[in-house]
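The lines below spell out each chain.
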Amino acid sequence: MKFEKVVLDNGLTIVGEINPNVHSVAFGFFVRTGARDETTGVSGVSHFLEHMVFKGTETRTAADVNRLFDEVGAKYNASTSEEITLYYAAILPEYFAETFALLADIMYPSLRDDDFNIEKNVILEEIGMYDDMPAFSAYEKLMESHFRGHPLSQSILGSVESIQALTADQMRQYHREHYLAGNITLAVAGNIEWSEVLDLANQHCQHWPAGQTERDITEATPTGGTIVIPKSGTVQEHVAQMSPAPPSASPLRFAAEILSVIVGDDSNSRLYWELIEPGDAEAAELGYNDYDGSGAFMTFLSCRPEDTARLLAKIGELYDDINQNGVTEAELEQAKNKVASRIVLRSERPMGRLSALGSNWVYRKQYRSVEDDLNTLHQLTTDDIAEMLKQYPLGQQSTVAIGPLESL
Amino acid sequence: MPEQTIVLHTMANGVTLIIEPMAAVQSAAVTLQLPAGVSHEAAGKNGTSALLGEMMLRGAGDLDSRGLSTALDNLGVHHSLSPGWFHLTLSAATVATRLPEALVLLTDIVRKPRFDADQFANCRIGREQILRSIEDEPKQKLMIELKRRCYAPPYNRPVEGSLKDLEGISLDDLSQHYQRCCVPQGAVIGIAGRVDPEQLIEQCEKLFGDWEGELPPPITELEPRDKSGHLDHESTQTHIGIAYPTVPVRHPDYYRAWAAVSILSGGMSSRLFTKVREERGLCYAIGASLNSLRDRARVLCYAGTTNERAQETLDVTLQELANYGDDVTESELSRCKARAKSSLIMQGESAMSRSGSLVRDWFHLGRITTLDEIRDRVDNLTVEEVREFAVNNTAQQFQVLTIGPEPLSCQGQVDLGALE
Chain H
1 MKFEKVVLDN GLTIVGEINP NVHSVAFGFF VRTGARDETT GVSGVSHFLE HMVFKGTETR
61 TAADVNRLFD EVGAKYNAST SEEITLYYAA ILPEYFAETF ALLADIMYPS LRDDDFNIEK
121 NVILEEIGMY DDMPAFSAYE KLMESHFRGH PLSQSILGSV ESIQALTADQ MRQYHREHYL
181 AGNITLAVAG NIEWSEVLDL ANQHCQHWPA GQTERDITEA TPTGGTIVIP KSGTVQEHVA
241 QMSPAPPSAS PLRFAAEILS VIVGDDSNSR LYWELIEPGD AEAAELGYND YDGSGAFMTF
301 LSCRPEDTAR LLAKIGELYD DINQNGVTEA ELEQAKNKVA SRIVLRSERP MGRLSALGSN
361 WVYRKQYRSV EDDLNTLHQL TTDDIAEMLK QYPLGQQSTV AIGPLESL
Chain G
1 MPEQTIVLHT MANGVTLIIE PMAAVQSAAV TLQLPAGVSH EAAGKNGTSA LLGEMMLRGA
61 GDLDSRGLST ALDNLGVHHS LSPGWFHLTL SAATVATRLP EALVLLTDIV RKPRFDADQF
121 ANCRIGREQI LRSIEDEPKQ KLMIELKRRC YAPPYNRPVE GSLKDLEGIS LDDLSQHYQR
181 CCVPQGAVIG IAGRVDPEQL IEQCEKLFGD WEGELPPPIT ELEPRDKSGH LDHESTQTHI
241 GIAYPTVPVR HPDYYRAWAA VSILSGGMSS RLFTKVREER GLCYAIGASL NSLRDRARVL
301 CYAGTTNERA QETLDVTLQE LANYGDDVTE SELSRCKARA KSSLIMQGES AMSRSGSLVR
361 DWFHLGRITT LDEIRDRVDN LTVEEVREFA VNNTAQQFQV LTIGPEPLSC QGQVDLGALE
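Protein chains in written order, with the numbering used here: chain H, 1 to 408; chain G, 1 to 420.
Simulated from the structure, these hints should not be mistaken for laboratory data.
Every value quoted in this text rests on a predicted model; they were computed, and no experiment measured them.
Heads up, the beta-carbon is just placed ideally off N, CA and C, and yes, glycines get one too.
Check the hints yourself; a few may be wrong.
[Unchecked claim] Listed below are the simulated EDC-like cross-link pairs for lysine to aspartate or glutamate, each with C-alpha atoms no more than 16 Å apart in a straight line:
(1) K337(G) - D321(H)
(2) K275(G) - D266(H)
(3) K231(H) - E137(G)
[What the hints assert, rightly or not] If you want the footprint, here are the derived chain H segments under chain G, 3+ residues with CB under 8 Å:
(4) 66 to 77
(5) 213 to 227
(6) 285 to 297
(7) 313 to 321
Can you make the complete structure from the sequences, with help from the hints?
Structure (structure tokens):
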């Protein structure tokens with residue numbers, strides 16, 4: 001494996017992890033823009049734009065784009081988060097050049113009115129689909145309430161109203177302002193010659209507009225609160241909770257990550273033994289979400305409505321215990337073994353490396369090999385976790401519950 | 001295609017061991033299938049198989065539930081035990097150097113589950129929670145109910161179990177199901193990754209060689225079944241499921257059937273995606289897949305769409321299915337081949353997907369197809385063959401099921417001829 005990096009004149013950063021021992025190559029454009037970068041009038045535009053990118057350019061229709069990707073057998077897609085819009089493809093090395101040309105080309109799409117109007121319906125359907133998933137709805141509402149007053153509260157999908165009101169002109173303006181080469185990182189992982197990557201990038205990306213947008217990354221200071229959303233026809237109560245955690249650039253993030261495995265992994269964690277093993281809950285998990293400048297521990301619980309208050313109190317006690325007494329050496333050792341194996345398994349495929357390669361660069365301007373990750377993991381101590389907990393104790397500051405209950 | 005070696009070893013007691021060494025990976029993956037899926041459950045006890053899978057992970061050999069989890073984690077073994085319509089499947093993966101120790105634990109899970117009574121009570125309550133949660137996910141519920149309507153019992157039993165049967169399942173039932181179905185005859189172990197086949201055969205002989213038991217009795221097919229076409233749910237979208245017959249993996253026409261579905265729904269230039277989503281914006285999620293049991297198969301389609309557009313979505317989708325066949329183009333088939341080629345090569349990069357394929361092939365075909373062979377079969381497909389298959393196998397009757405606030409005009413058994 002070899003790491004490579006270059007910055008084009010217009011500010012586009014290219015990072016590569018070249019591995020001749022695999023059979024495919026994955027690449028992606030990580031655009032540093034997402035829901036948090038939207039102004040209130042255009043809520044949902046980043047995600048809608050992600051769909052519109054595949055509608056083509058002056059020389060390619062939407063059908064052309066779909067057809068061309070399929071002709072080379074690309075595994076391709078895109079995703080939008082609060083902070084990053086990612087366009088990626090995994091392909092066989094012999095098709096790299098044409099797939100690269102295609103994906104690079106559509107990054108600057110025509111955004112035609114008729115495509116915009118049809119795709120608007122698809123976005124509204126996507127909003128409807130998530131509306132029928134209580135766990136996802138709880139997450140959306142929680143982001144909105146926990147980060148209220150902070151850009152991270154802004155919805156990725158937008159609302160039915162904001163999407164209906166959005167115009168193609170607003171989207172064009174958003175694209176002009178945010179799709180600047182300095183906001184974009186190209187990451188490439190797998191079996192490809194670095195020189196080929198450079199040639200293609202020079203050929204297809206050099207004319208992209210230079211520039212970079214600023215993002216206010218002041219750490220959020222959530223005030224907490226509880227929202228209960230009764231939903232008729234539901235059977236289980238779906239509860240999501242958040243409390244502050246280390247931001248993405250913080251060195252404390254490794255401790256936060258391993259702690260979330262010890263406390264809230266879906267098997268053999270504290271929450272598992274306390275709530276899942278006895279059959280009290282269908283799901284009880286703790287995750288660590290890191291963002292630019294902020295972070296959140298997120299608890300998720302799904303259980304019988306009548307057990308909700310009791311189980312939330314039980315989780316609270318468990319968190320108090322962790323905050324006071326930390327975790328045991330044995331727990332840490334076990335979690336390290338589990339995570340180390342996860343890292344190795346995930347890294348075997350280029351697609352598995354792409355997201356780590358791109359995110360490390362976008363968030364931290366850093367390359368971390370699989371060995372770096374394993375070494376950091378190996379060196380973590382229970383003291384590191386205690387240190388992190390002093391600053392970011394586990395908590396249940398903000399709560400959103402969706403289900404049969406009227407109140408908690 | 002990457003070079004492939006496949007080693008097959010049959011033990012005296014009937015256990016089949018299939019090994020594929022992979023030089024380019026660091027990991028090893030194991031897929032172990034036991035003929036203990038839902039079709040083998042006793043009547044009125046749907047959920048036995050799912051409960052058995054959970055109980056097998058809650059203590060085995062000398063280790064109690066916590067001891068077993070800890071031992072697996074310390075070896076970095078990612079694992080799951082999932083019930084299927086025919087099998088109970090234990091899947092596990094870890095770094096290859098840990099495989100020999102991991103195999104000892106996996107063997108205990110299969111051969112020496114503890115079946116502690118208090119664990120069983122917890123397991124059953126936990127299963128009830130899982131089944132209740134499915135009630136809150138209309139899409140998931142739709143696909144379970146669609147299968148219930150398009151296959152005959154016992155092939156149509158939900159692999160997750162049923163709330164109505166759960167209460168009546170005892171630890172005794174579980175234990176009987178285990179005795180009857182978790183046996184070496186019919187057990188298949190697929191292992192792929194950075195492994196030495198000779199050493200593995202030797203170790204597996206030690207671990208499984210003295211295991212005894214006869215194949216469970218054959219499944220008796222029963223009369224169908226619920227044909228109703230709509231389930232009320234206070235959802236934002238109407239979730240539409242459509243099923244129609246196709247051929248199973250073992251059928252000589254399977255690759256044609258596979259290509260026909262792939263052209264309908266593989267990739268974003270596929271028929272359904274283009275006609276229903278891209279051109280009309282009727283839905284976000286739409287797709288079709290080939291669901292193959294041993295001797296029968298269905299194409300299962302799904303579309304999720306807001307209620308006011310649901311009727312149009314269903315009509316357009318059925319029209320597409322009805323008119324599909326003799327209009328398949330050369331370029332559609334060539335895209336289908338390109339996607340297959342890259343999927344196959346990427347599969348060759350992953351020990352986990354290879355070990356899964358080994359046991360699936362064995363079950364469906366009684367032999368292993370190499371990636372090269374699959375590629376040849378796909379490459380040799382002609383447009384005429386796919387067209388002919390699609391035309392001759394265009395279903396006259398679809399099973400249509402919807403979940404949402406209002407029923408749609410076509411539901412239950414829908415006759416294609418009546419639509420045209």
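Results of checking the hints against the structure:
1. K337(G) - D321(H): violated, 57 Å
2. K275(G) - D266(H): It is violated: about 39 Å lies between the C-alpha atoms, which goes past 16 Å.
3. K231(H) - E137(G): holds, 13 Å
4. 66 to 77: holds (count 9)
5. 213 to 227: Violated: only 0 residues of the region 213 to 227 of chain H have a Cβ under 8 Å from chain G.
6. 285 to 297: violated (count 0)
7. 313 to 321: With 0 residues close enough to chain G, the hint is violated.
Hint check: violations occur at hints 1, 2, 5, 6, 7; the rest are consistent with the structure.
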